[in-house]
Every structure is written in C-alpha cells, then in structure tokens.
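Asks: So the protein sequences, as listed, match chains A and B. The first sequence runs 1 to 393 under this note's numbering. The second sequence runs 1 to 393 under this note's numbering.
These are calculated hints, taken from the structure and not from any lab test. Quick caveat, the model's predicted, so the values are computed rather than measured. Hints are supplied without guarantee of correctness; some may be wrong.
The list treats identical chains as one, so a pair stands whether inside a single copy or across any two.
Under the rule of at most 20 Å between Cα atoms (straight-line distance), these lysine to aspartate or glutamate pairs were calculated in the EDC-like manner [to be verified]:
| id | residue 1 | residue 2 |
| --- | --- | --- |
| 1 | K16 | E210 |
| 2 | K2 | E238 |
| 3 | K2 | E241 |
| 4 | K224 | E313 |
| 5 | K58 | D360 |
| 6 | K2 | D17 |
| 7 | K302 | E387 |
| 8 | K224 | E336 |
| 9 | K16 | E336 |
Number of protein chains: 2
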Amino acid sequence: MKNFTWWNPTIVIFGKDTIPQIADQLAAVKAKSVLLVYGGKAIFKNGVYTQVTEALTKRNIAFPELGGVKSNPTIDKVREGVARVKASPVDAVVPVGGGSVFDTAKTIAAGAFYKGDPWDFFEGKASELQRALPIFGVLTASATASEVNNIAVVSNPEREAKTSFNSPFIFPRVSIIDPWVQTSLPEEQTVNGGIDIMTHAMERLFDGAEGVGLMDAQGYAIVKSMIELIPELRMNPENYEARAQYAWAASLAHNGSLSCGRGGRGDFSSHKLGHSLSLLFGVPHGASLSVMMPAWARYLHKENPTPFARFAEAVFGAGGGGQGSDEEERALEGIERLESFYRSVGAPTTLRELKIGEADIERVTQNAAAFAPFGALKPLTSDDILEIYKLAY
Amino acid sequence: MKNFTWWNPTIVIFGKDTIPQIADQLAAVKAKSVLLVYGGKAIFKNGVYTQVTEALTKRNIAFPELGGVKSNPTIDKVREGVARVKASPVDAVVPVGGGSVFDTAKTIAAGAFYKGDPWDFFEGKASELQRALPIFGVLTASATASEVNNIAVVSNPEREAKTSFNSPFIFPRVSIIDPWVQTSLPEEQTVNGGIDIMTHAMERLFDGAEGVGLMDAQGYAIVKSMIELIPELRMNPENYEARAQYAWAASLAHNGSLSCGRGGRGDFSSHKLGHSLSLLFGVPHGASLSVMMPAWARYLHKENPTPFARFAEAVFGAGGGGQGSDEEERALEGIERLESFYRSVGAPTTLRELKIGEADIERVTQNAAAFAPFGALKPLTSDDILEIYKLAY
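Chain A on its own, in the form it takes in the complex (with noise of 0.2 Å):
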C-alpha cells in the first residue's frame, strides 16, 4: 500500500424532500446572491427548479440564471458563467442537474477570482488556484460523483479536447442528493450512468496497485451492486431503494475514497480513449466506456491478466487460484462476462455500434494520443491506442 492523503470535506444531504434543505445552507453562510447553473428541460419537468426556487426566494436569496448547460459540457458556456460572475458578483454557485452540470459550475466558481482564461487550469494551471466561490448544489442525475469529488471535466470543441482539472477549492461545500427525482430518469441514462459508476471502480481495480486488498473489495463490491441495481432499475425505474443505492454507489464509487493506498489517481485510460469518442462523435459517456474499457482490456490482459483474473473471481465467481495460463484464462472470463453484462442492459461494445467507422479510427486515435502516454496499468503510446480502437471495432 502506498502512501496517501485522505480529505473530503463535501456534506452530503441524502434521501427523500432534501432539496429545499439548499436554501438553508446557502442562508447559514449569509449568501445573498448565487448564480444558479442548469442543463434544459429536465429540471421544469421533475419539478426540482421550483422546489429551489421557492426555498431560495423564501430566504431572499436572489438567483441570477445560467442555463443551457450541455451535456458533455463546453467551455464557452464555462466562461459565460465566469464573465457573468465577474461583471456582478454572486456569493455561491449553485448548480442544479448532473454531471455537465455541477462540472461546469465548478470550473465556473475557479474561474471567478482568476485573472486567465478558465481553459487554463485545463492545461495544467490549476495548481495556480488560490481561491473558489463555493459551490452548493442540487444533484438530480447520479454517475459523475461530480457532487462529491474535486475534479470537473470539460470539453473545448475548438482545442479537440475533452479533459479535467482538479483542485481541492472545488468540492462542493454541500451537495444535496434526492434519489427519488431519478426515478423519472430516461433508461439510456440509468444505463449509462450506471456504466460510469461501475467504471470509476474498475479504474482503480485494473491499476496494477499490489497490497490493496481491502480498497479491491470495497470496489468489488460496488462492481456487484451495480450488476444488480442497474437491470433492477430497467425494469422496476420508480422502485426508490434501487434509486438511492444507486446513487450512493455512485458518489462511493469516485470520491476517491477507492484510490486510496493506490499510489495514483487509478488508471483512467478508458477514460480517456472513451472521451475522444465523446468529442468527436457525441457519444454519451457512458456508451463510451462500455465499449473502451472491454477492449482496453482484451489488449493488456496477457501481458498483466492478474487484476483481471481478480476481477473475474470476486465479481463473477469464476474458478480461482491457479497461476500461468489458467490465470489468463480467468482473465478473459472476465472481460467477456463484463462484456455480456454490458450487451444484457442494452449497453454497446463495439464502435460500430457507435456508428463511428474503420476509417475514423485514425482520426480517433490521434485525438487520443495527444495525451499519451496514459495509463497505470501500462501507459500507452500511440500504438497502443490505435491496436485498442482497432480491438473495439
């Protein structure tokens, strides 16, 4: 186990009719203004934008708006909000939505008292961060752990770039989660989300991080509930306990309380290779690293088949013990048990499901590879890259 450091300073609010709990948190740091960051029509549908509303105007606090919020999220909507805030200042930004949403509110509260252009802490600036408007916000959407975690991950169409920052000036001061407005959520984003879930606990799994036992079955056990949780709630969406555990499996699962002991942040080259998909085709988040994350695999397994023969004995129960060839062999047990769950929830995981097409595996691939080499696990070149992308074809 490596040296670590443990802080995470987040409340979370957890459970049924929490939201207006916001406006008494906002109240109890004397905030009289906060810019209020959301996404589209979600929130006027849930009923959750004039839940806050009504408890922010009950305590006076004025609610100045920054909507249109994208999934997988864009710069210029980041320094719009950084502008807006410049020009009057609030005293707290309150995102209210998911992922896209509490992202680009917090890169919105670093960029408030920043002199540069918020891009900047994108490119390896955000150690010069000083100081953050805090963040209170409403989560309506489970997968990210963007309510509970100090990273925000933004895209910036015009740099073909989609990569995160982190920086403990934005965890949220307080985060307020009622898993029952996710019962209204679409089935494509339950499944999605509950890949990014089960993903955040495999990129540490996968990392290669030796006398971890303990943090590999805390994660293993995140993997399992998942595998359970997420059919349960393609069939069953209003059942609330399949809800609320799976939203805090979801804060759970990247807190980072998983990387503890790890010696690094988890591997995270699914991450990335999934996010090129992202950017350059729209593909959800989720889809992405459904397809990513079995093909980054099948392309490591022989070489390093320990962390997945593991994985395929904890989570699936697959014959344990044996080293050397019967080790590789539990290895791609795994990944193909991974890959079956994935097709049984509707979850694609090959690119062309994706539409994407053999002759924009280049074009893919140099996208990623502007940030190889990547990768705990092994760190990739650019020839790793495209031998994946290939492999996910």
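Based on the hints, put chain B in the right spot on chain A.
Replies: For chain B alone, kept in the frame of chain A given last:
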C-alpha cells in the same frame, strides 16, 4: 434506505514516515503551543515521542505534556487536562497514542471552552457544545477509529459508567496514521483491536436496516478482510501491508460511513454490554466484544434471523436463499462460525474465560441496564440483558 447526512472533515495523512508532518500541519494554523497527550511507555519505546517532539521543536511549537492516559480512560484525567488548558491556554490538543489517548484528548478539547464539568457531555449536554480546541493527532494503534470520528468514550468509575458522546466539534482536524509504528504492537492488542474493528462493522450489519445492500456489502468486505488480516498479523506481526490494511479497515469501519442510510448509528448493544465488563472487571474492549456479540446474536437470532443469515452467506459462504427454518439455521451457523473464528485467534467467547463468575452476573446486568432500553435490532430490557449475560457465561 433512510435519509442521512454525511460529513467527515478530518484530513488523514497515511503511511510510512508521515509522523513529522504533524508539526507542519500545526504550523499551517499558526499553533504556538499544544497540549501533548499520551499514555504510558509505548511511545517512548517505539520512538514516536521523539519523532513528534523533534518535529514540534523544529517548528518552535511548545508542547506542555499530559501523560498517563490509561486504556479504558477515565474522566479524572480529562478533568486534569481541562484544568491545565484553562489555566494555560493552548492552540490545539495533540493526542499521540491509540483510541484511549484520542478519546481523552477530544474530551479535553471539548471541555476547554465549556463552563461546566466535562462529564456533562456524557450525560446529554453535548449539544450545548459551541466550540472546541482543534485536535491534531498521531495514531499509534488502530481499532477504535477515534482518529476519524466525532465520538469519545470515557469511563467514570465513581458513577460506574463507561459511555460516549459525539459532537461535530471533536472531529480531529488532522490525523496521522503510520502503520509501521503498529508492527511492534503486542499480539493481544492486535487481536483485541481487530475484534473491535469487525464489531464496528457488524453493529451496522446486524441493526435490522433494510434497503442498504450496498452498505452491507461494504461492511461484509471489511469483516472478510479482517478475518484474513488478524491471523496473518499473529503469524507475521511485522507485515507492513497487513498492518496498513488493518489500520485503514479500522478507520473505515467506524468513521460513520457504514451508518449511511441505515436510519441510526447501528445497534451497539454489544458495545454497551461489553463496556460494563470493562468498567467492572477491567476487561479489554475487544475481549468484551468477542464474548458479548455472539451471546447477543444467539439471543436474538430466532426472532430476527435475517441479518445473521445474510452475514453467514456473505462472509462465510453458508448455503443461501431459503426462508423459515433454513434461515434460522444459517443465522446460527454464521454466529457459530464467528465464535469459532474468535477462538482460533485466541480471543475469549465466554464470561468464564474472563474470570467473571455467575455470581457477578446480577451486578453486571444492573450496570448495563442503567442505559436500557438500548439496541436497534431489538431494544433490550433489563430482562433481556440478564439473559444475554447468562448466555455469555
């Protein structure tokens, strides 16, 4: 799943050679003088006293000392510490030791700005706490998770009470955990501490909460890990990887995370029943639990087989699925296999082994029943408590 609020602001610095950072952390908050709290000889033998005091000296931080904290700490030492810091103010309280030292330090920190006697906190007045000195600690023995929670457990021999209080003001600001220090712990302490860790998880697993399969899975993972780690450390006490996982399991088992969604803070009858044994007969905390939890579980398993049956399946692989007498049998199997594990690591499972006689049972019952009714799975009356101690004999 019940609504919950999750907050744990403690910064944990974990790993080899981390102890000197305590001075850096104190310097960052401009501390000039800190009350150094510790127990007996251990920190002199294992070099930790030297590491801490040299680091503080380098930073020009004065450290008036309060030594002599006992395991199963008492309120008189707390009162001594409170008097000291009221007479000569300090900027922080710095426990260097195990759970007893942390609990003592946390209570001193709470008493520093309180007009009354610190035992008041244990008699229901913790909610009056408005402020406490910050706590920066160095953990030298993992078990209680005091380094990462908001609880303090202290005894009052005059009142024949061993009990706890909790307050957001007593979360440590920073806790440093160097597992290497724990490689010199005596075997009995390793076993007793390990039982405390397992019991913290089981107090949630057996509380009767429903709709928390994800959280149960996290708890089972901790118990299963400990079932491997305790025997390993008996054989190889200097196995750093095992010590590190044991230490992090300890923190995870009682930092509050396992209580999320369960509607309460766990059952904790076994803890209360064990406290009376510690108070009246000086029984080490872990040993009191290896005797009392199986007895409590046996007493309740016919009326409430489900949590114990699930435990048997998840932890010991006992054949799963059936209801009725099948479930009751699996419940009993789980309890018997737990007891069997305890015996295999040399822990007591009867009052007799603790040299507690049948004639003492009345007295112990009276002591524990002072807090009755208690317990989440079944609120225990003094009649129940008597029967459980008899079963434990």
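Asks: Looking back at the hints listed earlier, which ones does the structure fail to meet?
Replies: Hint check: 5, 9 fail, others pass.
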